[in-house]
Amino acid sequence: VSAPASDELELSIFGRGFGECVLVHVGDRRWVLVDSCRDDAGDPVALTYLGSLDDEAEDRIVAVVITHWDDDHTKGATNVIQAHAPREVWMPAVLDNDEAFDFAVTHDVAMANTGVPSGLSEFRSILHHVDRSRRMWGIRRRDVDTTTSATVFLLSPHDAVVSEGFAALGITQNPGFGELASPEPNDTSIALWVNWDERSALLGADLKNGEWGWQAVLQAWPSARAPVGSIKVPHHGSPNAHLDEVFTQLCDAEVLAGVTRFTPGTTPRPSDDDRDRLRPLLGQGWVVGAEGPSRRQPRTVEELHEQAVTLDGLWDAHGAVGQLRIRCDSDGQWSTERIGAVTPV
Amino acid sequence: MTIDFPKIDTRSDVQRDAESRVADAAMSAHVSNLRAIWRSPERAKGLLPALWSWTKKSMDTSLSVPLTTRRTYHAADTDRWNRIVVQWDRFHWHEELIPDRARTPQPSLWYAGAVDVFPARRQSPGFEGLAGMDFLRAGGRLPNVRIEHFKLQRELIGRVREINGDAGEFTAVLNERGADAENEVVGRFPLALLSDADRARLDNGTAFNLVTGYRRVMTTSGEVVKSGIETRVVLRRPSPLSAARVEEAIDEARRLRAS
Chain A
13 VSAPASDELE LSIFGRGFGE CVLVHVGDRR WVLVDSCRDD AGDPVALTYL
63 GSLDDEAEDR IVAVVITHWD DDHTKGATNV IQAHAPREVW MPAVLDNDEA
113 FDFAVTHDVA MANTGVPSGL SEFRSILHHV DRSRRMWGIR RRDVDTTTSA
163 TVFLLSPHDA VVSEGFAALG ITQNPGFGEL ASPEPNDTSI ALWVNWDERS
213 ALLGADLKNG EWGWQAVLQA WPSARAPVGS IKVPHHGSPN AHLDEVFTQL
263 CDAEVLAGVT RFTPGTTPRP SDDDRDRLRP LLGQGWVVGA EGPSRRQPRT
313 VEELHEQAVT LDGLWDAHGA VGQLRIRCDS DGQWSTERIG AVTPV
Chain B
8 MTIDFPKIDT RSDVQRDAES RVADAAMSAH VSNLRAIWRS PERAKGLLPA
58 LWSWTKKSMD TSLSVPLTTR RTYHAADTDR WNRIVVQWDR FHWHEELIPD
108 RARTPQPSLW YAGAVDVFPA RRQSPGFEGL AGMDFLRAGG RLPNVRIEHF
158 KLQRELIGRV REINGDAGEF TAVLNERGAD AENEVVGRFP LALLSDADRA
208 RLDNGTAFNL VTGYRRVMTT SGEVVKSGIE TRVVLRRPSP LSAARVEEAI
258 DEARRLRAS
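Protein chains in written order, with the numbering used here: chain A, 13 to 357; chain B, 8 to 266.
Pulled out of the complex, with its shape left as it was, chain B reads as follows (with noise of 0.2 Å):
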């Protein structure tokens, strides 16, 4: 399901209350939709290899987009994403970001997989054996679902030029995708803006995307809990080269040096 979110700037009031009316009512066909399957855990379980099979496929084709501090998830290079947050309380949830212009996997198989990784077996030593779905066997609570919407507006491609770990600083040179050398800008970044992990990794040269869009999380019973524009700074993870590639690089290689 994608909602477009309509540009702020352009739109009168009327056109925004009706657009907006439009993806609420989306929105709460969709969760309804979730909620019947809920109700059937026994179909989800069944849809569970279907959903691995399109995730490895994902995670083979994409870059990585670390949206959360918790997990890493894999979505294709596309402009709208939707994250379905399933949270049983504060300790256990999970989470799965949908790349729109993917596949977009029903309802139902998102639903699998958050039931398959769901991460009580590792943080509540009380759950421990108990995932998923023997988990809502043994009398476990229906969980609050989000779902997060994103749209890209605007997206700037940076690689790091130099880190100042002392000033808690880096600067990076960044330009629009595809675009001519000439229009490159710098940017100083704050280190804070980025998690432990990322802060770790980050070296001269490691690239990275500035994205801006519109983000807007809903709750089950369809409550707006955020709506507005927001930027991240997303460290790249590029996908490895397949050896079919590798091979390729090393002939040129090969052929550079005899010529």
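The following block holds chain A by itself, in its conformation from the complex (with noise of 0.2 Å):
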């Protein structure tokens, strides 16, 4: 796989149906990872594609962003971490708080006495991982240090989303039972700006578009900002996290965009109706992972059975790994290479 040249900044957006990764190359071999999942392998998409690139020089990873807790979000954060030494890795600021600290850890602790995996539990060993040093808190209006030219800037969260603290975590329950998950309009997760000369991109994690979502975001925006020519949709190109002005005033006419596929939800995203709304504000768009997971097919009567109690039986959570590959040169021009399991929007 042909490397990006030192000053051509690439934006790798992974996805596999149930986990999404983006990689960005800010110069030098310098990347920023935000979000990690892993590939049919086991091993994190980042490490993968980064081991595959054919250049002599060495690729670094100098920051690590985990825009939220979901485990669609952290698989494999660790490895990534372990492998590169980043110089610094960001998460949500409401967790710098001893209480929520706390809770996030204790919580962990209770669901892993279930045997049932919590989507804390990448975060716990990255804490594990991670020392004080090198621990960022994310909140708006921050920069994360790249080393380079290019700028990372944190649209999200919202200080008033980090000061509402656990009520943003949604910490409602006694530790181990539920998950933690961000009720709306709170939204902790970690939206990104990338800009290097001009060139821009929006990395929307899962923000939503709530007052203190992606409104904050287009309230707070300096109109002198170039246009962003690249986007990864918020939140798989789901409604609620969905505002048109988003791409009618922050983007380009001819914005390329990744979305990334989620299957386990009770409408998996992006359904027709996302694609629908989507088209008109896209230069080009693809949705990024495998079509559809596929069905386990029941082997015993045990099996058949289990399937019996669902409404469509047994699914495959990871799909196919696709790879959107959006690169722009140092005069502005953007091109994109679809690799795996891409389809149009």
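These are calculated hints, taken from the structure and not from any lab test. Hints are not guaranteed to be accurate.
Restraint ranges, calculated between C-beta atoms of paired labels, are given here [claimed, not checked]:
1) A/14 / B/235: 31 to 39 Å
2) B/253 / A/144: 20 to 28 Å
3) A/292 / B/204: 42 to 50 Å
None of the values given here were measured: they were computed from a predicted structure. Even glycine gets a Cβ: it sits at the ideal position worked out from N, Cα and C.
Got two chains here, separate frames each, mind docking them using the hints?
Pasting the structure below:
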């Protein structure tokens, strides 16, 4: 796989139906990792991809951003951190609170006690591998240290969300009971704006469209900023993260977009309605990740009965990995390459 | 007492018949034992403290398996359950779920427990104050006893991912216990599978077991009421962490904060 030129901006968006990851090349073989998922072999897709680049230079992940703690965004992040020893590891600032921190660890211990995986497991593991000097708490208006001239700027979470702390974390239950979820409109997800010599990209994470979500981002957006040339569409194209203005006001008319697929929802995303809504707003758009998960064929009587209580059987959660590679050279020319399971919006 | 129900897809007819006869004989012996104890209620009454001691121990260390709509039972995390149902009439019954892997109590203990929590107190005004043995002394009828055996064949552990109340369904990510995350599967389930209480408790991330096993229900007369494969969604109610474990977790959090 050809490596990007040292002055080329690259956004590689990976998806597989349940898990997403974005790698951003910020120059000189330096990368920023935004979220993490694993490939079919169980390796973090980011490590597999960087290992496949055909350049002599050593690629290095200088910063890791975990946008939030859902387990489709965190798997394998610890392996990446161990392999690349990034200078900064960003996590939502709501966890920078003694009580919330204690709760998060206790909650994960309690969930582990039940044998059920928790979205916080990878977080706990990350904390074990990242000392305080490298821990960065994500809140809007802070910058990731890319070590290059590229800027990676935090657009969220809003201060109001962070000040709500526990409420924003969705902590309404005892440890071990249920997953932590960010209730609308309080949204702790870290959305990012990438800018490098007027080449601009937006990474929407799962930030929702509420008062403290995209509405707040739009209000704070300086009009002087260059139009966004590529976007990782927030929250798999879901309507609860959609605002037309994000595309019409912030993005170039020819914006290149990647939407990561999400299959475990009651409505798999992006749905046909999501696609219809997005299509007129995008220059070109692709759905990243296998088109549909494969149905598990029951082999035994027990499996047959197990599937009889489901509405449409059991499906593999993890589809084939897709990669949408968006590059922009120093002249501002955008190009895309689709690898694996990538289909047009 | 344990009855091993063999896999139906691997046995020959001869094997099946032979094993069935063994199982039925064991069940008959067990039922006879129960009847004998029933004739000596005083003996059963003396065993009450032992029963509650065992029950309390079981509750402290087990997960909850609500197998009935009327009560929530606590069973050890085991692959075999025995449930005893003592039913006086359509309004009065008692059920006990016995985890087979845990110390299986003597039938007398099951009976003693059944009598002690006899529900007539609440459900029938005429029986107020007549609980358990008192009811029998007052001329209560010999109840029908049903015994249910459940042998787990397959279990997936799931966590709820999304609930769509309007569509009456929820989705979940499931996996075998301790299996690699890459083997996770996704399922869409009707909310109607759950009781009203369970539905109210369902939330994103709620853990549950999807259990499939062989279930056989027998009566005191030895009649097999029901026998076959059954699948259920059983919401998990994890045991609260012990104070020591909570303290340990908070210590870990403090260390992480400071490191």
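### Query
Should the hint that residue 14 of chain A and residue 235 of chain B are 31 to 39 Å apart at their CB atoms be regarded as holding?
Check failed, 60 Å falls outside 31 to 39 Å.
### Query
So does residue 292 of chain A sit 42 to 50 Å from residue 204 of chain B, Cβ to Cβ?
This hint holds: roughly 46 Å between Cβ atoms.
### Task
Could you see if the CB distance from residue 253 of chain B to residue 144 of chain A stays within 20 to 28 Å?
24 Å, holds
Hint compliance for this structure: hint 1 alone is broken.
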